[in-house]
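S.K.: If you're matching them up, the sequences are chains L and S in order.
The first sequence begins at 19 in the numbering used here and counts up by one.
The second sequence begins at 22 in the numbering used here and counts up by one.
A few of these clues could be false.
[As the list claims (entries may be wrong)] Under the rule of at most 30 Å between Cα atoms (straight-line distance), these lysine-lysine pairs were calculated in the DSS-like manner:
id : chain 1 : residue 1 : chain 2 : residue 2
1  : L       : K91       : S       : K63
2  : S       : K63       : L       : K21
3  : L       : K91       : S       : K78
4  : S       : K99       : L       : K88
5  : L       : K21       : S       : K78
[Stated by the list, open to error] Taking beta-carbon pairs under 10 Å as the criterion, some of the chain L residues facing chain S (in silico):
id : residue
6  : M63
7  : A111
8  : F126
9  : G127
Hints in this document: simulated from the structure, not taken from any laboratory.
Remember, it's a predicted structure, so these values are computed and weren't measured experimentally.
Backbone N, C-alpha and C define an ideal beta-carbon position, used for all residues, glycine too.
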Amino acid sequence: AQKITQTQPGMFVQEKEAVTLDCTYDTSDQSYGLFWYKQPSSGEMIFLIYQGSYDEQNATEGRYSLNFQKARKSANLVISASQLGDSAMYFCAMRFGAGGTSYGKLTFGQGTILTVHP
Amino acid sequence: EPEVTQTPSHQVTQMGQEVILRCVPISNHLYFYWYRQILGQKVEFLVSFYNNEISEKSEIFDDQFSVERPDGSNFTLKIRSTKLEDSAMYFCASSDPLLGASDTQYFGPGTRLTVL
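Only chain L is shown next, with the shape it has when bound in the complex (with noise of 0.2 Å):
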């Protein structure tokens, strides 16, 4: 079966700490694609990151960076230096193999809010 899941429905960070987003995801694909999307309260969907699975190196993207680890399955967001526009949902989405093809479905988990103290 092929799966994501984000099992922490709510985070909390003190700002400009950083703060690690878990994601796992269950496929026998050999190829798929991992994404982060943010969605602030205003609603749109923004891209952040990407890996891929074939991708040896963790994605990085500025403060975000992409903890890959394809054995146990998991891509966790980590966020360093968070700020107090950070504060949203995040949601882990994946492109799993379709005959390897490069395009297709996101298949998104059921996202984590993240909450920023100042």
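Fit chain S to the supplied structure of chain L, relying on the hints for placement.
M.R.: Frame of chain L; chain S shown alone:
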């Protein structure tokens, strides 16, 4: 920076009425998607569209739903006879896998549909 746009931002309709949600994907993107998010729940895939035809659809995307690319810029989602349970945020997304292996999907700001 190019972005996906959606209109209207909020649509209120009576049960049984037809609605059309509009999207303008990022120019030169080739793949288009519709997702929905019922309030407080996760985002669910509805349909993908490529080369003027549906590539994949979910079980949610029944005969009441249809998609169309009527011209070179717009991508629409039509719900023929809305039900109360169609109330949700509807997101359009687009991607171009030729730009890189990630095939990142960029989302529009969403249309909040309320069915009364």
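S.K.: Does each hint hold? Answer for all of them.
M.R.: Tested hints:
Between L/K91 and S/K63 the alpha-carbon distance is near 20 Å, which keeps this suggested pair within the 30 Å criterion. Between S/K63 and L/K21 the alpha-carbon distance is near 13 Å, which keeps this suggested pair within the 30 Å criterion. In summary, the hint linking L/K91 to S/K78 is supported, as the alpha carbons are separated by about 26 Å, within the 30 Å threshold. Restraint check: the Cα-Cα separation between S/K99 and L/K88 comes to about 40 Å, which exceeds 30 Å; the hinted pair is violated.
About 18 Å separates the Cα atoms of L/K21 and S/K78, which keeps this hinted pair within 30 Å; it holds. The closest approach between the C-beta of L/M63 and any C-beta of chain S is roughly 4 Å, which is under the 10 Å cut-off, so the hint is satisfied. At about 8 Å, the closest approach between the beta carbon of L/A111 and any beta carbon in chain S falls short of 10 Å, and the interface hint on this residue holds. Taken as an interface hint, L/F126 checks out: its beta carbon lies about 4 Å from the nearest beta carbon of chain S, inside 10 Å.
About 7 Å separates the beta-carbon of L/G127 from the nearest beta-carbon of chain S, less than 10 Å, and the hint is met.
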